[in-house]
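Visitor: These are the residues of each chain, in order.
Number of protein chains: 2
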Amino acid sequence: MTSVADVTSSPRRASTCIPTGGRVSTAPGTSSPVRSTPGTPDGLSRRTFLTRVGIAGGASALYGSMAALGLVATPANAQPVDFRPPRQGDLSPSARKRTKVVILGAGIAGLTAAYELQKAGYECHILEARDRPGGRARTIRGGDSLTDTDGVTQTAEFADGHYFNAGPARIPNHHVTLDYCRELGVEIQALVNANAESFFYHENTGSTDYGPLAGTPVTHRQAKADYYGYISELLLQALDQGALDDTLSADDAERLASFAQSFGGLQGGRYVGNDRRGYTESPGAGHNAGVVDGPPPDLSTVLQSQMGNRFSFEFGFSQAMMMWQPVGGMDRISFAFADAVGKQNITYNAPVTEIRDTADGVTVAYTTGRPGRTRVIQADHCICTIPPMVLRGIPSNLSTETKAALEVPVGVNTGKIGLQYKRRFWEEDSNIFGGITATNMDISGIWYPSYGYLGERGVVVGYYSGAYTDLTVAEREERAVAQGVKIHGPAYRDELETSFSVAWPKVPEALGGWVSWPGGRGDAYDHLLKPDGNVYFAGDHLSHYIAWQAGAIESARMTVMNLHERLAATAE
Amino acid sequence: MTSVADVTSSPRRASTCIPTGGRVSTAPGTSSPVRSTPGTPDGLSRRTFLTRVGIAGGASALYGSMAALGLVATPANAQPVDFRPPRQGDLSPSARKRTKVVILGAGIAGLTAAYELQKAGYECHILEARDRPGGRARTIRGGDSLTDTDGVTQTAEFADGHYFNAGPARIPNHHVTLDYCRELGVEIQALVNANAESFFYHENTGSTDYGPLAGTPVTHRQAKADYYGYISELLLQALDQGALDDTLSADDAERLASFAQSFGGLQGGRYVGNDRRGYTESPGAGHNAGVVDGPPPDLSTVLQSQMGNRFSFEFGFSQAMMMWQPVGGMDRISFAFADAVGKQNITYNAPVTEIRDTADGVTVAYTTGRPGRTRVIQADHCICTIPPMVLRGIPSNLSTETKAALEVPVGVNTGKIGLQYKRRFWEEDSNIFGGITATNMDISGIWYPSYGYLGERGVVVGYYSGAYTDLTVAEREERAVAQGVKIHGPAYRDELETSFSVAWPKVPEALGGWVSWPGGRGDAYDHLLKPDGNVYFAGDHLSHYIAWQAGAIESARMTVMNLHERLAATAE
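Residue numbers (the UniProt record's numbering), protein chains in the order written: chain A, 1 to 572; chain B, 1 to 572.
The set of hints was computed from the structure by calculation and includes no laboratory data.
For glycine and all other residues, C-beta sits at the position ideal for the given N, C-alpha and C.
Keep in mind that the hints are not guaranteed to be accurate.
Sample of chain B residues facing chain A (criterion: CB under 10 Å; computed from the structure) [unchecked claim]:
id, residue
1, 234
2, 248
3, 344
4, 345
5, 347
6, 557
Far from chain B by the CB rule (all over 10 Å, computed), these chain A residues [said to hold, decoys possible]:
id, residue
7, 151
8, 194
9, 316
10, 445
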């Protein structure tokens, strides 16, 4: 979280992660005034100006203007750089002779780099160890196989049209990823990241007693109604006792009381439950007014449950609804990128065996389908998007500093299991259409599919956790199901058809779900932002969106700019 | 809102608005124990039993069991009746001779009645004044025409694939409507009813000053971050001052403090803004950590804005996300019903001109396409779903009590306008993908389309309000656009292509968006729940889900049961 002390604002909204078309998205009407007039426009008082900007652009534009007007300080940690996509004609005739780029990895970073460089006429070729594009942005469907580093092979038996996203699964409103979906024509649909009908489930641990609600699934709907009801009642109580008189004017106290009444759904200042909790008998026809689900647990029971400490997840910058996914699986983005880059420019099943930076370029060796059969590709530049945990195992003549830097990041232990059920009991029995049940069990949560609603079967993600990595494939399913039964009852075991689990540390091309930088982004991180000779690095691990496709895209775009501008500058 | 005083519980969850298959949906594992053992099962302490039920079925099942165990009082106002769908073989040979039913209106109520009666072999025929099924569940597409009671005709010019739902537009997770979507094979998609990126917008009125944020669009994201931050800070302040010591144990006080820290995103107990507010510069690659949007307005400014009083909308029983809509428009449900009922069993363009209850049945006169050309249909029974405001204008020999009852309900004044834009600026400029901007202006809100994301154009609902009914078609567009410009800037006017507005009080077949019952559901409501001779009544106005398709369905199902069971009983 960034504190106000180091917060500033720029004329541009977050939405100016701009698409490659070069269009700058801004709050309507704010871009030009703020950009062209750092001071207050003639004939407008500062307040009037800010008000007008506010009217046109909303609060963020207003604060953006405040920053432009020097009303807010500028932080040291922000180095915003707009993407300047390479264009035809940027390069001199001599520079145009040095535009052959080999890109290592057909994940989102590698694909973005090739896609953007091609726009300026670069000759890009991608080497990919896997048999398909996307890297960790992997969608598992029936027929897909994975062989772990321990030699264990799984083949998915999901029914046609059913799948789960083993890697990234959500796209926030504000990520550049959506701009590429727009540009590449990838259709999106809602990814249900929050649903009033899904559950919170806390079971007691050796260290924590969650009280009477321990071991009881409680709907988000009820947990919110109860927490919001009681804290609103407590706010009124504090007001009555004058505890807030120093902070609030009489008018503000009245406004807070009115907010509390509304926010808590109180009756006469007390929380006694309300229909936000849902009904045990729905309202219906005639005289059926319905039966509200209640009474609510008492205040102490609600607080002991600690379920409210999970609410803020839904307000997070990157987790707040709405969220999105491509129709048909996350890998639709990678395949759309690959189509745009061109089949002839990507070699699959081609793991890299050596990287040599040379005086005038790069030489990369890779194996082809047949064992021991090695080929070499030469290029003027290389963009390497291979995860550091894998890259450090590949022979190269990269500098000792680079090799040392590659040793620093740690592969994060995480994984998912997809459980295919023959009946969508979460929909039919519990009215849960998409969404996530959050729990303190080691599954961390249960993801209900955000597609195929009302259908016959569905694939649930039964855990998102590193706790299952060292279990056998059979043990993973058994344990995940045993946890889910506590929440959904016997159906969670009885209706299971098949499953498929991914343990990212055991995936040879990844060796981790994403990276962590021990002690934060330090010298090693800084070092890898710079090219080593003719070898550039890119990937979500070199961004502030680690584990997001947007991080891979932003990093690739920065690397593309660095390479392109260096070439444009140096070549004479 | 129902107070605990009159709240009870039943063994069944709200999800037991059961589909017509007769399956009873219950929380897994709870149905039989609760139903079969009103007392505590042998060998289980009450607490253990409740815990087990809780484990299997969640909080609502737990309270359901408490009710079954007599731990909660039973209310007078709830008369839950499960739908018992008519079945082949229910009727005696003599009863089977009296199964011809004429149904007036091919809206959701009429279609449901025909669909369910046909399952038991009834011979149903529907008369519909309009040229299509669905009634008020109307989707407006290019080429659609409406002629108002004042003679004004509009023809929609929306582009192919673009539309808006002029009537019902949202389906909650728990409505029986989804069960029919499942049974009829109607594909659904998310209806975005809440979106962190959409705005709140309050402008000052003669009576209310909203303070510095008046006239400024504020994202839901920021309004929540600021309200939740400050009220959490106030809760901690109250705790520090011991104002809650009488209410909270030391442990509970600690738990509340921990909740407040998390819920408010506080730093050292203070709210100073945080990244939940969003960024003016998104985090990106390399050293771009992003720039959090801030600083937040002060506490008094936030309270003056009164935006927090709108939060509870999102927690409402019928409005909480997730919500749903059929892919392709709400009328996909009505057309699916109509297909199931059968073309040959529905006569369109057939407004009813007279209803006569007779000794052994019903005679209904209606006009056909050609003016003055009248036809008569005879049946054993009639189910009339014509809205009371229209029905009371149709000659009939219904009883004076019935005619008096039909005079009571008042048609509600409401309407919508669909504004087609050539660019989805709300998505491209503001990262708003679906959702609703809420305002105190007379448009009440702006609905962004929940389909066609990332596309070229889109249809926004520019108002949902009765304030535009008496304006001309041109004035409606002009006024709606002028309001929207205050929120979205010039694009809201400049990118407009075409519009279409519906004023429900002026739609001849509706004469209102829905009904209100002055003084509540009284004698008139009670009277219309009973048949008048062989004429039965149905519609959402005879339910506790007025203005929802679920109300029409529930009412139709109740009427079907009444008719069917009366016939089964009387015919010998």
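Visitor: Less than 10 Å between beta-carbons is the criterion; does residue 234 of chain B satisfy it with respect to chain A?
Guide: holds (6 Å)
Visitor: Let me know if the C-beta of residue 248 of chain B comes in closer than 10 Å to any C-beta of chain A, holds or violated.
Guide: holds (8 Å)
Visitor: Does the interface hint hold: is residue 557 of chain B within less than 10 Å of chain A, judged Cβ to Cβ?
Guide: Where the cut-off is 10 Å and the nearest Cβ of chain A is about 7 Å from residue 557 of chain B, the hint holds.
Visitor: Would you settle whether the hint for residue 347 of chain B is holds or violated, based on the nearest Cβ-Cβ distance to chain A being less than 10 Å?
Guide: violated (26 Å)
Visitor: Is the claim that residue 316 of chain A lies outside the interface with chain B correct, judged by CB distances over 10 Å?
Guide: Since the minimum Cβ distance to chain B is about 6 Å, residue 316 of chain A lies within 10 Å and the statement is violated.
Visitor: Does the closest beta carbon of chain A sit nearer than 10 Å to the beta carbon of residue 344 of chain B?
Guide: Violated, about 28 Å.
Visitor: If I take the minimum Cβ distance from residue 194 of chain A to any residue of chain B, is it greater than 10 Å?
Guide: The claim is violated: residue 194 of chain A sits with its nearest Cβ about 7 Å from chain B, within 10 Å.
Visitor: With d taken as the least Cβ-Cβ distance between residue 151 of chain A and chain B, does d exceed 10 Å?
Guide: Given a closest Cβ separation of 36 Å, the condition holds.
Visitor: Is the Cβ of residue 445 of chain A more than 10 Å away from each Cβ in chain B?
Guide: holds (16 Å)
Visitor: A closest beta-carbon separation below 10 Å is what the hint needs, so does residue 345 of chain B meet it against chain A?
Guide: Violated. Min distance 23 Å.
Violation of the numbered hints given earlier is confined to hints 3, 4, 5, 8 and 9; the remaining hints are satisfied by the structure.
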